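The residues making up each chain are set out below.
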Amino acid sequence: MTATSSRPSADDPRITLDQELGIFEPVPPYPPRTEREAEFYTLGDGQMFINMGPQHPSTHGVLRLVLKLEGEQVVDLDPVVGYLHRGVEKLCENADYHHTISQVDPLEYISALFNEWAPVMAYEKLLDVEVPRRAEYIRVLSAELNRIASHALFMGWMALDLGGLTPILWSFIERDEIVEMLGALTGQRMLFNYFRIGGVNGDLNHDFMSRLGDWMTRATDQIEANLTLLNTNEIFVRRMRGLGTIDGQTALQMCWTGPNLRATGLPFDIRRAHPFSVYQELDFDIPTRIEGDCLARYLLRLDEIKQSLRIIDQCLHRMPDGPIMAKLPRLIRPRPGRAYAAVESPRGQYAAYAISDGTDQPFRLRIHDPSFIHLQSVGQLVQGQLIADTMAVMASLDPVMGGVDK
Amino acid sequence: MTFVARTWNRLTIPGRVLLGLFLLGGLLTGALIALIIFSEPILELLGANLPLVRFVGAATVVLLMTIPTAFLIIYMEMKIIALMNLRLGPDRVGPFGSLLSVVHGLKVLMKEDFTPTGADAPVFTLAPVVTYLASVMTLLVIPFAPGLFGQDMNIALLYFFAISGLGVVGLLMGGWSSFNKYSLLGGLRSAAQVISYEVPLVLSVVGLLILAGTMSLNQLVLNQAGWFTDWYIWQQPLGFLIFFIAATAEANRTPFDLTEADSEIVAGFATEYSGMRFGFFFFAEYVNVFIVSALTVTLFFGGWNAPFPFPEIALAFDPGSLGIALLILVAVVPVVGTLILAMPFYLLRSSMPFWQALVIGFVLFNIVAVAAVLGWAFVSLEWVAGLLWFMLKTYTFVFIFVWMRGTLPRVRIDQLMGFAWKWLLPASLLNLFVTAGAVVLVRELGA
Chain S
5 MTATSSRPSA
15 DDPRITLDQE
25 LGIFEPVPPY
35 PPRTEREAEF
45 YTLGDGQMFI
55 NMGPQHPSTH
65 GVLRLVLKLE
75 GEQVVDLDPV
85 VGYLHRGVEK
95 LCENADYHHT
105 ISQVDPLEYI
115 SALFNEWAPV
125 MAYEKLLDVE
135 VPRRAEYIRV
145 LSAELNRIAS
155 HALFMGWMAL
165 DLGGLTPILW
175 SFIERDEIVE
185 MLGALTGQRM
195 LFNYFRIGGV
205 NGDLNHDFMS
215 RLGDWMTRAT
225 DQIEANLTLL
235 NTNEIFVRRM
245 RGLGTIDGQT
255 ALQMCWTGPN
265 LRATGLPFDI
275 RRAHPFSVYQ
285 ELDFDIPTRI
295 EGDCLARYLL
305 RLDEIKQSLR
315 IIDQCLHRMP
325 DGPIMAKLPR
335 LIRPRPGRAY
345 AAVESPRGQY
355 AAYAISDGTD
365 QPFRLRIHDP
375 SFIHLQSVGQ
385 LVQGQLIADT
395 MAVMASLDPV
405 MGGVDK
Chain X
323 MTFVARTWNR
333 LTIPGRVLLG
343 LFLLGGLLTG
353 ALIALIIFSE
363 PILELLGANL
373 PLVRFVGAAT
383 VVLLMTIPTA
393 FLIIYMEMKI
403 IALMNLRLGP
413 DRVGPFGSLL
423 SVVHGLKVLM
433 KEDFTPTGAD
443 APVFTLAPVV
453 TYLASVMTLL
463 VIPFAPGLFG
473 QDMNIALLYF
483 FAISGLGVVG
493 LLMGGWSSFN
503 KYSLLGGLRS
513 AAQVISYEVP
523 LVLSVVGLLI
533 LAGTMSLNQL
543 VLNQAGWFTD
553 WYIWQQPLGF
563 LIFFIAATAE
573 ANRTPFDLTE
583 ADSEIVAGFA
593 TEYSGMRFGF
603 FFFAEYVNVF
613 IVSALTVTLF
623 FGGWNAPFPF
633 PEIALAFDPG
643 SLGIALLILV
653 AVVPVVGTLI
663 LAMPFYLLRS
673 SMPFWQALVI
683 GFVLFNIVAV
693 AAVLGWAFVS
703 LEWVAGLLWF
713 MLKTYTFVFI
723 FVWMRGTLPR
733 VRIDQLMGFA
743 WKWLLPASLL
753 NLFVTAGAVV
763 LVRELGA
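Protein chains in written order, with the numbering used here: chain S, 5 to 410; chain X, 323 to 769.
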């Protein structure tokens with residue numbers, strides 16, 4: 005520790021910092037605030053802390069995990085969030101209702117259409133607007149496309165976190181095609197800013213429809229073919245099966261929703277449980293699996309892709325003619341009140357709770373993000389597992405740090 | 323001194339190049355003259371210590387060989403995995419990006435060579451050297467072609483396993499001295515992994531040794547001469563499978579690349595390394611891939627033997643017999659060949675200027691000439707043919723390693739250890755006993 009060299013280096017922290025040299029321990033510099041914190045930051049015999057992130061090849065953004073290790077085994081885990089906090093909710097309070105749509109866009113940046121959908125629905129409830137049916141169908145169509153893109157990306161990341169290099173790029177083929185398609189429809193590839201209060205920004209155009217038609221003819225086969233590399237791979241299946249198992253009761257207690265909950269056998273889907281938009285008119289199944297482990301969560305998303313393709317097919321067949329925007333004044337001043345709206349995003353229940361005080365800016369916009377809810381169970385799921393499994397469990401929950409940190 | 327510096331500064335760039343060339347030429351001429359004058363005692367000295375000279379020469383050649391080998395394999399890996407990922411891969415530097423790994427090599431040379439505070443500096447510096455030297459030293463015993471090997475030892479195989487086991491010491495040193503928990507985990511993982519897989523690796527070739535009755539790699543290759551059915555793979559299929567899996571783990575390659583699992587422990591033992599010290603680790607990894615492939619080929623796939631006995635083609639033509647005509651040929655053939663090869667392009671494409679046709683003709687003539695020389699060497703020089711077959715087989719296995727890297731995910735540490743001790747070790751013991759029993763049985767029946 006006292007490596008004295010004749011030529012002092014500018015990188016030597018002793019020159020700039022007057023603190024004692026030592027290995028950096030991830031213990032916070034303040035006294036423990038809770039009992040849990042006091043218990044976690046006390047090392048037992050033969051244990052050590054290791055800091056995973058915020059700069060780490062596979063923490064899905066800027067999540068920091070403090071692992072308490074005993075050899076390779078994870079004794080306990082503490083996810084530290086907030087590195088990507090941008091104060092979106094506060095920004096929304098100082099923007100007018102139309103502006104908030106673009107403010108919430110980069111939350112769950114993998115599936116941005118759902119970010120717009122929930123607040124837009126809440127505002128529509130505040131305003132008592134009826135959205136034209138064509139606009140609702142366009143919303144469902146584009147959102148389901150976005151869901152497929154998100155799930156395709158998830159499968160690639162899953163494999164990448166287990167050390168497979170190729171699947172991520174193969175799944176990017178599908179994602180890129182969809183993203184280009186949505187780019188043709190909305191004008192942007194990632195943060196669409198497409199949904200409007202009372203409708204959508206633009207009608208379906210030729211570029212989008214021809215791309216969609218091309219893609220739909222081969223989508224099912226191509227997605228299946230791309231994933232044969234993983235689904236039948238012995239190493240992949242053996243690492244995922246029985247890992248991070250959770251039963252339905254515990255998952256409910258931890259407030260899980262979405263594919264992660266359905267992988268434990270509970271067929272809870274906002275699209276069916278509290279139908280919004282035109283989902284009631286559409287025919288689709290809610291795939292479930294009973295195992296509740298990482299493999300179930302992975303395979304369930306594959307089934308969901310197929311159901312999404314069914315929904316898109318029906319949307320294309322039933323798409324009515326008509327306007328795409330409701331008649332609304334340009335400056336919106338909803339009556340004072342509160343409204344809640346939830347959508348089924350690729351990660352679970354994505355909800356917005358808007359409070360209006362009668363001005364043209366929301367008094368409060370609360371965003372409920374499923375990634376944050378799922379992330380708090382990582383510690384339970386990986387207890388007693390190995391370091392390598394931490395990444396697998398993390399990836400199988402599919403958190404997006406933009407949504408977690410807001 | 324100022325005079326020299328001023329003169330040098332006044333020179334133009336071509337002038338500096340010319341001056342440099344002039345000085346170099348002078349030095350070389352002087353060295354040549356000195357060599358000629360003192361040729362007799364030098365030759366005497368070399369002749370008296372021939373084995374030592376041969377060893378030093380072989381060691382130098384092998385050390386120099388590792389760098390282009392590593393460059394080639396790194397390029398292969400980048401390009402092949404890119405094609406498997408439906409990407410283009412490197413395509414900027416050189417034709418098809420083939421010089422990119424050279425640029426990578428220059429890059430690691432120019433980066434800052436950083437030692438983290440708190441690291442155990444001597445051990446930290448020594449670790450890449452140990453790892454790199456371990457892989458280079460194993461190359462000494464591999465027979466590349468008839469007569470083309472560093473040292474023909476009667477215990478070559480034992481030497482190989484002993485030295486390649488040293489590599490893990492370097493990884494452990496790097497992991498321990500880095501003052502980083504990821505490095506520590508990587509180093510300990512590599513120690514556990516390599517020591518576990520050493521056991522089935524060595525046991526899997528014992529069956530082959532019983533069959534061959536020798537540990538000399540050269541003799542092993544000679545034993546497999548003839549048709550491809552004489553290769554040991556047909557007598558030791560299980561041994562080959564175990565050897566290949568264990569060798570993959572020894573070389574730290576996917577799916578057993580836990581020591582540098584980037585999604586778990588960042589870069590394992592190499593997390594704190596930068597610059598050329600990291601470059602040594604990097605080179606050692608790819609040289610290890612080559613070595614493991616080369617040893618697989620030597621043991622199980624006939625080494626430098628052709629898969630079938632080549633028909634003897636006796637060249638009736640001896641260039642030496644031409645005398646002065648050879649000189650005239652050397653002067654005339656390139657010109658005539660270039661013109662002949664350029665003619666079709668010039669005559670059949672009216673839009674092509676003559677100089678373009680000449681350039682095409684010149685390139686084509688070079689290709690033809692190189693092919694002709696290589697063909698002549700392949701037919702008349704035994705070691706060229708042997709080297710060609712050896713490299714062909716070895717790079718097939720290198721390709722398989724790259725293919726596995728592009729396809730397979732990584733196993734977990736407990737699965738890795740369980741696989742070694744629960745499956746590979748019993749299987750290699752079974753292979754050993756069955757082979758020994760069969761050999762005894764054949765000997766009894768034959769006697």
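Honestly, the hints are just simulated from the structure, not real lab data.
Possibly wrong hints are sitting among the right ones.
From the structure, some residues in chain S lie toward chain X, with a derived Cβ separation under 10 Å [to be verified]: (1) VAL31; (2) VAL79; (3) GLY168; (4) PRO171; (5) ARG242; (6) GLY388.
From the derived model, a few chain X residues whose C-beta atoms are all more than 12 Å from chain S [stated by the list, open to error]: (7) ASN476; (8) ALA589; (9) TYR668.
Since this is a predicted model, take the numbers as computed values, not measurements.
Using N, Cα and C, we set each Cβ at its ideal position, and we do this for glycine too.
For each hint, the structure was consulted:
no.: 1; hint: VAL31; result: violated, 14 Å
no.: 2; hint: VAL79; result: violated, 15 Å
no.: 3; hint: GLY168; result: holds, 4 Å
no.: 4; hint: PRO171; result: holds, 9 Å
no.: 5; hint: ARG242; result: holds, 7 Å
no.: 6; hint: GLY388; result: violated, 12 Å
no.: 7; hint: ASN476; result: holds, 40 Å
no.: 8; hint: ALA589; result: violated, 9 Å
no.: 9; hint: TYR668; result: holds, 46 Å
When each numbered hint is compared with the structure, violations occur for hints 1, 2, 6 and 8.
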